[in-house]
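In case you want the letters, here they are:
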Amino acid sequence: MVRRSLRTQITTRVVALSVAASLLLGTALVVLIVAVTGQRDAARTAFRSQQALSLANQLEKSLLSIESGLNRYVATEQASFLIAVRRELAAYPSRTQQLSRLVSNEPGQQRRTRAIGESITDYDDLWASVLIDVARDDFGKARSQVQTNGGRARLDAIRRQFSRLFQRERAVIRARERSAEQRSARAIGLGAGGLGLLIVIAIGFTLYLRRSLLAPVRTVADATGRLATGDLSTRVPDERADELGELARGFNSMADALERGRDQLERANAELTRSNAELEQFASVTSHDLQAPLTTISMYAELLERRRGSRGPSDQDLELVDGIRDATQQARGLIRDLLEYSRAGRGRLDLEQVPAGRIIEQALEALAGAIQNSGAEVTVSGELPVVLADRANLSRVFQNLVGNATKFCGDQAPRVRIEAERDHDDWRFSVRDNGIGLDSEHAERIFEPFQRLHGEEDYPGTGIGLAVCERIVVQHGGRIWVSSSPGAGSTFHFTLPVVPSSTAVPPRVPERV
Amino acid sequence: MLRLHFRGRWATALAVLTVAFTAGGCDAGGADDDAATIGRPPPSNGPQIRIGAKNFTEQRILGELYSRALRAKGFDVVLKLDIGSSEIIHRALARGSLDMYPEYIGVLLSEVAEVRRRPRSTTAAYEVAKAYEKKHGFTLLAQTPFSDSNALGVKPQFAARHRLRTIGDLAKLKRVVRIGALAEFATRYEGLVGLREVYDLRGLKVVSVASEGRYRALAQGDVDVASVFTTEGQLAGDDHVVLADPQGLFASGHVAPIVSAKLLAAHGPSLQEAIDAVTQALTTAAMRQMNASVDLAGRRPADVAAAFLRARGLV
Numbered sequence: 001m002v003r004r005s006l007r008t009q010i011t012t013r014v015v016a017l018s019v020a021a022s023l024l025l026g027t028a029l030v031v032l033i034v035a036v037t038g039q040r041d042a043a044r045t046a047f048r049s050q051q052a053l054s055l056a057n058q059l060e061k062s063l064l065s066i067e068s069g070l071n072r073y074v075a076t077e078q079a080s081f082l083i084a085v086r087r088e089l090a091a092y093p094s095r096t097q098q099l100s101r102l103v104s105n106e107p108g109q110q111r112r113t114r115a116i117g118e119s120i121t122d123y124d125d126l127w128a129s130v131l132i133d134v135a136r137d138d139f140g141k142a143r144s145q146v147q148t149n150g151g152r153a154r155l156d157a158i159r160r161q162f163s164r165l166f167q168r169e170r171a172v173i174r175a176r177e178r179s180a181e182q183r184s185a186r187a188i189g190l191g192a193g194g195l196g197l198l199i200v201i202a203i204g205f206t207l208y209l210r211r212s213l214l215a216p217v218r219t220v221a222d223a224t225g226r227l228a229t230g231d232l233s234t235r236v237p238d239e240r241a242d243e244l245g246e247l248a249r250g251f252n253s254m255a256d257a258l259e260r261g262r263d264q265l266e267r268a269n270a271e272l273t274r275s276n277a278e279l280e281q282f283a284s285v286t287s288h289d290l291q292a293p294l295t296t297i298s299m300y301a302e303l304l305e306r307r308r309g310s311r312g313p314s315d316q317d318l319e320l321v322d323g324i325r326d327a328t329q330q331a332r333g334l335i336r337d338l339l340e341y342s343r344a345g346r347g348r349l350d351l352e353q354v355p356a357g358r359i360i361e362q363a364l365e366a367l368a369g370a371i372q373n374s375g376a377e378v379t380v381s382g383e384l385p386v387v388l389a390d391r392a393n394l395s396r397v398f399q400n401l402v403g404n405a406t407k408f409c410g411d412q413a414p415r416v417r418i419e420a421e422r423d424h425d426d427w428r429f430s431v432r433d434n435g436i437g438l439d440s441e442h443a444e445r446i447f448e449p450f451q452r453l454h455g456e457e458d459y460p461g462t463g464i465g466l467a468v469c470e471r472i473v474v475q476h477g478g479r480i481w482v483s484s485s486p487g488a489g490s491t492f493h494f495t496l497p498v499v500p501s502s503t504a505v506p507p508r509v510p511e512r513v
Numbered sequence: 514m515l516r517l518h519f520r521g522r523w524a525t526a527l528a529v530l531t532v533a534f535t536a537g538g539c540d541a542g543g544a545d546d547d548a549a550t551i552g553r554p555p556p557s558n559g560p561q562i563r564i565g566a567k568n569f570t571e572q573r574i575l576g577e578l579y580s581r582a583l584r585a586k587g588f589d590v591v592l593k594l595d596i597g598s599s600e601i602i603h604r605a606l607a608r609g610s611l612d613m614y615p616e617y618i619g620v621l622l623s624e625v626a627e628v629r630r631r632p633r634s635t636t637a638a639y640e641v642a643k644a645y646e647k648k649h650g651f652t653l654l655a656q657t658p659f660s661d662s663n664a665l666g667v668k669p670q671f672a673a674r675h676r677l678r679t680i681g682d683l684a685k686l687k688r689v690v691r692i693g694a695l696a697e698f699a700t701r702y703e704g705l706v707g708l709r710e711v712y713d714l715r716g717l718k719v720v721s722v723a724s725e726g727r728y729r730a731l732a733q734g735d736v737d738v739a740s741v742f743t744t745e746g747q748l749a750g751d752d753h754v755v756l757a758d759p760q761g762l763f764a765s766g767h768v769a770p771i772v773s774a775k776l777l778a779a780h781g782p783s784l785q786e787a788i789d790a791v792t793q794a795l796t797t798a799a800m801r802q803m804n805a806s807v808d809l810a811g812r813r814p815a816d817v818a819a820a821f822l823r824a825r826g827l828v
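Line by line, the protein sequences are chains A and B. Position 229 (the first sequence) corresponds to 229 in this note's numbering; numbering is contiguous. Position 138 (the second sequence) corresponds to 651 in this note's numbering; numbering is contiguous.
Simulated from the structure, these hints should not be mistaken for laboratory data. Be aware that a few hints might be false.
[Unchecked claim] Label pairs and their calculated CB-CB ranges:
#1 637/B - 136/A: 25 to 35 Å
#2 789/B - 44/A: 51 to 61 Å
#3 591/B - 195/A: 52 to 62 Å
[To be verified] One side of the interface only, derived from the structure: several residues of chain B facing chain A at Cβ under 8 Å:
#4 568
#5 593
#6 595
#7 596
#8 597
#9 598
#10 600
#11 601
#12 604
#13 605
#14 610
#15 695
#16 696
#17 697
#18 699
#19 700
Quick caveat: nothing in here was measured; it's all calculated off a predicted structure. Yeah, the Cβ is synthetic: ideal placement off N, Cα and C, and Gly gets one too.
This is chain B alone, in the form it adopts within the complex (with noise of 0.2 Å):
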C-alpha cells in the first residue's frame, strides 16, 4: 500500500509537469482572417477569360455582367476592371493582355480604327466594325440594344441663356467654351478633333475631370459643357440638356464585346451563347437603370451587375 501510494505520488507530480510543459510548449498561433475561398462552379476545360472593362461606370457594369455570367456558366474568368480608354484597352486587347472587352461601335471606329467618315446607320457601322476587328483577329459579337453614344451635355438654363439647341450652336458664345471630360476627349475624333473639324467650333477648351466629376463640375459651374454618355442615369430627368449632333458626329452607341477569335475556337459556341444572351438583355431601359444604381443610390457595381443577372435568368 505504501509502495502504491508512493508511485501514485509521482506519477501524478510527472502527469502535472508534463501537461504544464506542453501547455508551454504550445503556440498561440493566430488565425489568419483574410484567408477566404469562393466557391465557384467547375472550371471549363478551355484557357482562362480575361475580360477587361474600362474605367467608368457603365463599363464597370458591363464588366461584372460578362464576368458573372460566364462564371455562372463555368468559365473560368477573370475580370480587369479600371483600364483606361479604348486608346488603351484596345491595345491591351491587341498585345495580348486582355481576351475580351465591350466596346462603343462609334468609338472603335473613330478611335481604333481611325474612320473618320461618319456611317450612314448603326448597322452599317457594326458591319465596318466587325470587318475591321476579323482583320486584326478578333470577333466582334452581337450588339447591345441600347445604345450609349457619346453627347455634350449642358444645364437648361445655360440653353436657355445661349438659345443652344444644336453642337452647333456653341459657336455663339464669343468666348471660350470650357468643356469637362476625360482626358481622351482632348485628342479625339468623337471629342475635340470631331468638334473642330465636322462643327468648326473654335475656342474650346477642354477641363479633364474624371468620370464620375462631370457631372458636379458642370453644376458647380467650373466648366460650360459636359462630355457625356447617353445612358447615364443623370440624363435621366430634367436637370440637363443634351445637345443634338446633326451632323452625326457622335457615331453608334451600341456596345458589342470584342473577344480574341482563338480563344472563341477554344471554348465553343457555348462561350458565344453565353455573352450574346447577355448582350441581348442590355436594353436602355435596362442599361441607364443599372447606371442610375451605382452613380445616383451609391451602389456597387458588381451587386447591380449580379442583381441584373438574377433578375433574367442568367445565372
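If we strip away everything but chain A, and leave its shape as in the complex, we get (with noise of 0.2 Å):
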C-alpha cells in the first residue's frame, strides 16, 4: 500500500496541480462572466427605466391633457373636446400597467406604480367622469366645480408620485450601474490576480519540474552516455521514493548486472589465452621434443643400410627400413606443419608497404621446382596493388594456394591464374586453376587443419596449408574462401584492405615462367 502511494506521487502532484490551475481558471471565468452579464443587466435595467421614465413622462402629459380638455370642455361646452378626453382616459389602464412592467423590479417602486395607477383611477372615477357628467346636466356648477381645482389638486398629487417615481428610479439606476461597475471591477481584479496566480503557479510549476523531474532525469542520462562509453562503474543517486527512484534503482541493477557480466566475460577471456596459450605451447614443445627421437630413428635406419655391406641384412631386411624411413618422413612433415599452423597467425606481424607483384614472384620462386616438375602454366593478369603485409606471411599465402593448384591437377598439366581487384575497401586476390575442383559442400571443411578430401597415396601432404593460409588472411584483416565445383577447377579468392594511400604498381614479374 505504502509502495503504491509512493509511486503515484508524482503523478497525484502533476494531477492535483492541474486540477487546482483549471478550478482557477474555471473559477476566474465564471467571475468575468458573472460580471459581464451584471453590467449587461444593469445596461438593460437602465434602457428600460429609461423607457419607463418617458411613459411616465407621456402620462403626465396625458393627464394634463385630460385636464386642459375637461376644462375646455366645461368652458366652451363644446363636446368636441370630450372625445380626446375620453381617448386617453380609455388608454391610460394599459399604459400603468406597462409602467408597472418597466420600471425596476424593486417592492418600493413597484408600489409606488400602483399606487399612482390608483391615483389616476381615482381622478377618472372621483374626478373627470363625474365631472364630465355633472357638466351634462348643468354646465354651471361644472364651471363652479372646475374652480375648486379639485382636478389641479389631484393632479398635482399625482405629479408628486411621478416625481418621486422619477427620483427613486433614477437612484436605482444609478445604484445598479455603481454597483454593477463595482462588481465588473471587482471581477476584473479578481479574474487577473487569479490569472496571475495561475501563471504563479506555472512558473513554480515549471520550476518544480526542472528541480524535482528533469534534474534526476537528466543525471540518469548523464549516466547512461557513461555507460555507454564503458564505465561500468557509473551510479546515480537512488534514494527518491518517487518514481524517479525507481527509475534510478533500475538503472542501478541494469549497471550492476552489466558490470558482473563483463567481470564474467574478462575472467572467461584471460582463461581462454591462457588454456590457449598452454596449448600452443604444448604443441610447439610437442613437436619438437618429437623431432628428436625422429631423427634417431632415422639415424638408425640409416646405419643399418650402411651395415649392409659387411654382414649384409637381407632384401626383407632392406624393405623395413624403407618403411622405417618413409615413416619417420611423414611424422617429420607432420611434425614441421603442425609446428607452421600453430605458429600461423600467432607473434608479431613485420607489416610493410610491399608490391604485392614482388610478393608472388618471391613464392614462384620457392616453388620452382614443384611448377617446373608439373609442368603447370602460371598467369599473373593485370594490374597488381601495393599492400600492407607481412612478405614472409603472404607469400606463404600464394605458395600454399599455388602449390595446391599444381597438385590437384587431374591428367592435363596445370595452368593457374593469380589476378587482383578492387572491392570496395579491399583488394581481392584470386588464384584460379583447372584442377579437379571440389564440391561446395566441402568448401568451410577444408580450411580447417589437417582436413584431407582425398587419401595421402592420391596427393601427398598433411592437410595443412589451408588453414594456415585462412589463419594469415585473418591476421592481416582479410578473409578467404574457394569457388569450385568438381572437375571445374577451383578458385580460391582471399582479401586484403586496402592500403589507403596506396599506389598500383605494375607486376614485375614475368608473364610466363
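Now that you have both chains on their own, put them together as the hints suggest.
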C-alpha cells in the first residue's frame, strides 16, 4: 500500500496542480462572466428605466391634456373636447400596466407605480368622469367645480407621486450601475489576480519540474552516456521514494548486471587465452621434442642400411628399413606442418608496404621446382596493388595456394591464373586453376587443419596448408573462401584491406615462368 | 508528511480564492425602506367598502372615523379623501366609484335632490332625503346628533359697524359684499343662489377660496363675509359672529352616511350597526372639538379620529 502511494506521488502532484489550475481558471472565468452579465443586466435595467421614465412623462402629459380638455369642455360647452379626453382616459390603464412592467423590479417602485395607477383611477372615477356627468346636467355647476381646483389638486398630487417615482428610479439606476461597475472592477481584479496566480503556479510548476523531475532524469541520462562509453562503475543516487527513484534504482541494477557480465567475460577470456597459450606451448614443445627421437630413428635406419656391406641384411630387411624411413619422413612432415600451423597467425606481424607482385614473384621462385615438375603454367594478370603485409607470411599464402593448384591437377597440365581487383575497401586476390575442383559442401571444411578430401596416396600432404592460409589472411584483416565445383577447377579468393595512399604498381614478374 | 504539507498548502490557497470570488460575486442589494405592511384584522367576507370624503376638515375627520371603526370590525375599507363637493362626490357614489360617504342633509336636499322648498324640521328634512336616496338605490343611515349647517360669518367689528344681525341685514351695505367661500358656493342654492332668491340680496360677490383659507381671508380683510360651517372650531370663541338665518335658507346640518343598498345587503346588519355606532357618538361638542384639534392645533385628522374612537371604545 505504502509503495503504491509512493509510486503515484509525482502523478498525484501533477494532477493536483492541473486540477488547481483548472479550478482557478474556471472560477476566474465564472467571475468574469458574472460581471459581464451584471453589466449587461445593468444596461438593460437602465434602458428599461429610461423607457419607464419616458412613458411616465407621456402619462403625465396625457393627464394634463385630460385636465385641460375637461376644462375647455366645461368652459366652452363643446362636446368635441370630450373626444380626446375620453380617448386618453381609455388609454391610461394599459399605460400604467406597461409602466409597472418597465420600472425596476423593486418593491418600493412597484408599490409607487401601483399607487400612481390608483391615483389616476381615482382622478377618473372621482373627478374627471364625474365632472363630465355634472357638466352634462349643468355646465354652470361644472364650471364652479372646476374652480374648486379639485382636479388640479389631484393632478398635482399625481405629479408629486411621479416625481418621487422618477427620483427613486434614477437612484435605483445609479445604484445598479455603480454596483455593476464595482462588481466588474472587482471581477477584473479577481480575474487578473487569478490569472497572475495561474502564471505563478505555471512558473512554480516549471521550476518544480526542472528541480524535481528534469534534474534527476538528466543525471540518469548522463550516467547512461557514461555507461555506453564503457564506464560500468557509474551509479546514480537512488534515495528518492517516487517514480524517479525507481528509475534510478532500475538503472543501478542494470549497471550492476552489466558490470558483473563484463567481469565474467574478462575472466573467461583470460582463462581462454591462458589455455590457448598452454596449448600452443604444448604443441610447440611436443613438435620440437618429437623431432629428436624421429631423427634418432632415422639415423638408426641409415646405420642399418650401411651395414649391408659387411654382414648384410636381407632384402626383406631393406624393405623394412625403407618403411621406417618413409614413416619417419611422414611424421617429420606432420610435425613441421603442425609447428607451422601453430605459429601461423601468432606473434607480431612484420608489416610493410610491399608490391603484391614482388611477393608473388618470391612465392613462385620458391615453388619453381614443383612448377617445373608438374609442367604448370602460372599467369599473373592485371594490375597488382601495393599492400600492407608481412612479406614472408603473404608469400606463404601464395605458395600454398599455387602449390595446391599445381598439386590437384588431374590429368592435364595445370594452368594457374593470379589476379587482383578492387572490391570497395578491399583488394580481392584470386588464384584460379583448372584442377579437379571440389564439391561446394566441402568449401568450409577444407580450411580446417588436417582436413583432407583425398587419400595420402593420391595427393601427398598433411592438410594444413589452407588452414595456415586462413590464419594469415584473417590476421591481416581479410578473409578467404573458395568457389569451385568438381572437375571444373577451383578459384581461391582472399582479401586484404586497401592501403589508403597506396598506388598500383605494375607487376614485375614475368608473364610466364 | 511532505505530501500532506503540499496538499494542505494548496487546499488553503484554493479555499482563500473561493472565498474571495464568492465575496466578489455577492451583490450588496439595497434594502428597501419603502416596504411596509400594515397589520389589519382578518377581512370580512363581504366586498370592499370604498368610503369617500369631501375636501375639508370635518369631512376628512368623518372619513377617518368611519374607515377606522369599520376596519376595526374587520371590514375591508378603502378611504378616498378630498373628493370634491357634494355635486361631485354624490355623482361618484351614483356612478359606483364609491360605496359610502357622509353627507349633510341640507346640502343633500338643496344641491343633489334640488329640493327648493325649505323643510319644516330636521326630521322632515331627513325623511325627504332618505326617501330620495332610497329611490336611487342608496340607504341614508341614521343622522348625527351634531348639526353642522352652512352659515355666514363676519368679524364682530364689521357686524357692529354695519349693525348686522341677520343675513338679510347684508342688504344694508350699499356696496358689493365679498363672500369668501368654496367655489361651489356660487352655484349652490344653499349659497349664492339661495341668498339671492330667499333674502333678495344683490351686489354679492363670491371670492373663491380654499376651505382652509376662509378665516384667514376674513381676518385679512380680503373678504367681508365668510361661508362657514357651524361646527368649525374657529367659531368657538368671540372672534366671529354668525349671522342669523331667519328664513331657514341653510337647512339641516346633520350628517348621515349614504351607503349603497347593495353593499349593506351584502354585509348584513353588522355593517350598519358599526356605522351607526360611530354616527351616534358624534355630538356637536365632540365634532367641534375634533375640528378644532385639526384646524387650530394642527393635528392630523387621522390621529384625531383614532384618538376619538379609542376614547369611545369604538376600535
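Hint-by-hint comparison with the structure:
1. For residue 637/B and residue 136/A, the Cβ-Cβ distance of about 31 Å falls inside the hinted range of 25 to 35 Å, so the restraint holds.
2. Between residue 789/B and residue 44/A the C-beta distance comes to about 56 Å, which sits within the given range of 51 to 61 Å.
3. Checked against the hint of 52 to 62 Å, the C-beta distance between residue 591/B and residue 195/A comes to roughly 60 Å, which is consistent with it.
4. Hint status for residue 568/B relative to chain A: holds, with the closest Cβ pair at about 7 Å, below 8 Å.
5. The closest approach between the C-beta of residue 593/B and any C-beta of chain A is roughly 6 Å, which is under the 8 Å cut-off, so the hint is satisfied.
6. With a least beta-carbon distance of about 7 Å to chain A, the hint placing residue 595/B at the interface is held under the 8 Å criterion.
7. A least Cβ separation of about 5 Å between residue 596/B and chain A falls short of the 8 Å threshold, and the interface hint therefore holds.
8. The beta carbon of residue 597/B comes within 4 Å of a beta carbon in chain A, closer than 8 Å, and the hint placing it at the interface holds.
9. A distance limit of 8 Å between C-beta atoms decides the matter here; for residue 598/B the minimum to chain A is near 7 Å, and the interface restraint holds.
10. Given hint, residue 600/B at the interface with chain A, holds; its Cβ is 5 Å from that chain's nearest Cβ, closer than 8 Å.
11. Taking 8 Å as the C-beta cut-off, the interface hint given for residue 601/B holds, the closest approach to chain A being about 5 Å.
12. Hint status for residue 604/B relative to chain A: holds, with the closest Cβ pair at about 4 Å, below 8 Å.
13. Taking 8 Å as the C-beta cut-off, the interface hint given for residue 605/B holds, the closest approach to chain A being about 5 Å.
14. With its C-beta approaching chain A no nearer than about 4 Å, residue 610/B sits inside the 8 Å limit, and its interface hint holds.
15. Because the smallest distance between the Cβ of residue 695/B and any Cβ of chain A comes to about 6 Å, under 8 Å, the interface hint for this residue holds.
16. Taking 8 Å as the C-beta contact cut-off toward chain A, the hint placing residue 696/B at the interface holds, the least distance being around 4 Å.
17. With 8 Å as the threshold, the beta carbon of residue 697/B comes within range of chain A, its nearest partner Cβ sitting at about 5 Å, so the hint holds.
18. With 8 Å as the threshold, the beta carbon of residue 699/B comes within range of chain A, its nearest partner Cβ sitting at about 5 Å, so the hint holds.
19. A cut of 8 Å between beta carbons decides the hint on residue 700/B: the least distance to chain A is about 4 Å, and the hint holds.
Hint check: no violations occur; every hint is consistent with the structure.
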